[in-house]
Amino acid sequence: MAEKILLVDDEKDFVETLAERMRTRGMNVSTSTSAKDVLDTVDLESFDAIVLDLQMPDMDGIEALKLIRAKNPNLQVILLTGHATVEKGIEAIKLGALDLLEKPTDIETLTEKIKKASSKKMMLVQEETAGKIKDILGGKGW
Amino acid sequence: MHANWEIIGREGFTFYGKMSASISHEIKNVLAIINENAGLLSDFTIMAARGVPIEPERIKTISSKIAEQVRRADLICKNMNQFAHSVDDHIKATALDELIAVVIKLSLRFAANRGVHLEHQASATPLSITTSPFLLQNLVWLCLDKAMDLAGEKKNVSIITKDVENGVIIEFKHSGTLREKSGSSFPGEKENTLIRLLEATMEINDQTGEIVLRLPVSIDK
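Chains A and B supply the protein sequences, listed in that same order.
Just so it is clear: in the first sequence, position 126 is 126 by the numbering used here, and no numbers are missing.
Just so it is clear: in the second sequence, position 168 is 168 by the numbering used here, and no numbers are missing.
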């Protein structure tokens, strides 16, 4: 099944072109140029991975990451940045980002990270579902 | 004077570093767009080799997008070059509005990050002063940074230059008030040191939301 991806960057030409390339690689891609809008989108839709620019005018990527993860801890976020410092990378990973990639990025590397994100999300959802089933079964007297 | 230069040196490096980081961030964004468009062209050649027809119009669009980004990078580099050369001469005849235009261009990303709109109202007649361009850029940035912090709900900052007797003034008009958020001392030590070295004065008007810098025609005495 095609990975469902949300690509977020304030550079419209960047998101549109990258989205087209990802679609030709079989992914189902939505785009946004606003980090604030993404907070509403994740309430309505589920994604296998969110690719998020670290520095956007309406909201800092780290702040957006915190809010996205607070809404849905299963959501896998890959951050993109102009300059990946070790400090930023550590901070992002501590906050639950799957990875931090530097721009300009190689699409094959990004695709690989997206597949990893998709597998991780699937595993987390399966674990969550198994936990819920266990709770239901444990709560019944049969 | 020694203490002044210690402050100015520290602040100067901070300013130079902040602007350089912002410029390189912009260049990286341009490179990322060019990279994706080059990648898209490469995808098209792979598809064409497999017999998928490619519309010439698509190639034309990609080509114009790359050209647009090259123009954008060229402008960024021109601004960076002007900024870098501002340290060539400690004191020299300086076109005030050109200097302010460079600081504004370098500050656009910081303004966008705060959702602030910047407007430059240049003087009707060209204003030239003999000053330290780098120190003045630094002071203009500090005032602009403060004005952006105070821009309030409307998020507007205007920089207006005017010719006055024995000098020029630069007004930073923001849409908020200074006392509202102040608490912090502005002008602080670094601003006051720059003001002294540039032989300038600063007035702050809370009612009108203005920071006004008055600079002499020449500090080359």
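A couple of the hints might just be wrong.
What follows is a set of in silico ranges between Cβ atoms, one per label pair, in the way DEER data are often shown [what the hints assert, rightly or not]:
1. 75/B <-> 83/A: 27 to 37 Å
2. 52/B <-> 70/A: 15 to 25 Å
3. 28/B <-> 115/A: 58 to 68 Å
4. 23/A <-> 10/B: 48 to 58 Å
5. 127/A <-> 117/B: 33 to 43 Å
6. 23/A <-> 49/B: 11 to 21 Å
7. 192/B <-> 115/A: 53 to 63 Å
8. 137/A <-> 38/B: 51 to 61 Å
9. 23/A <-> 28/B: 19 to 29 Å
A few chain B residues facing chain A, derived, Cβ under 10 Å [as the list claims (entries may be wrong)]:
10. 31
11. 39
12. 62
13. 65
14. 114
It should be emphasised that the hints constitute simulated quantities derived from the structure, not laboratory data.
In this text, a Cβ means the ideal position worked out from N, Cα and C, and glycines have one as well.
* To do: Please name the hints from earlier in the document that this structure breaks, with their numbers sorted from lowest to highest.
  => Checked against the structure, the hints that fail are numbers 1, 2, 3 and 5, while the rest are satisfied.
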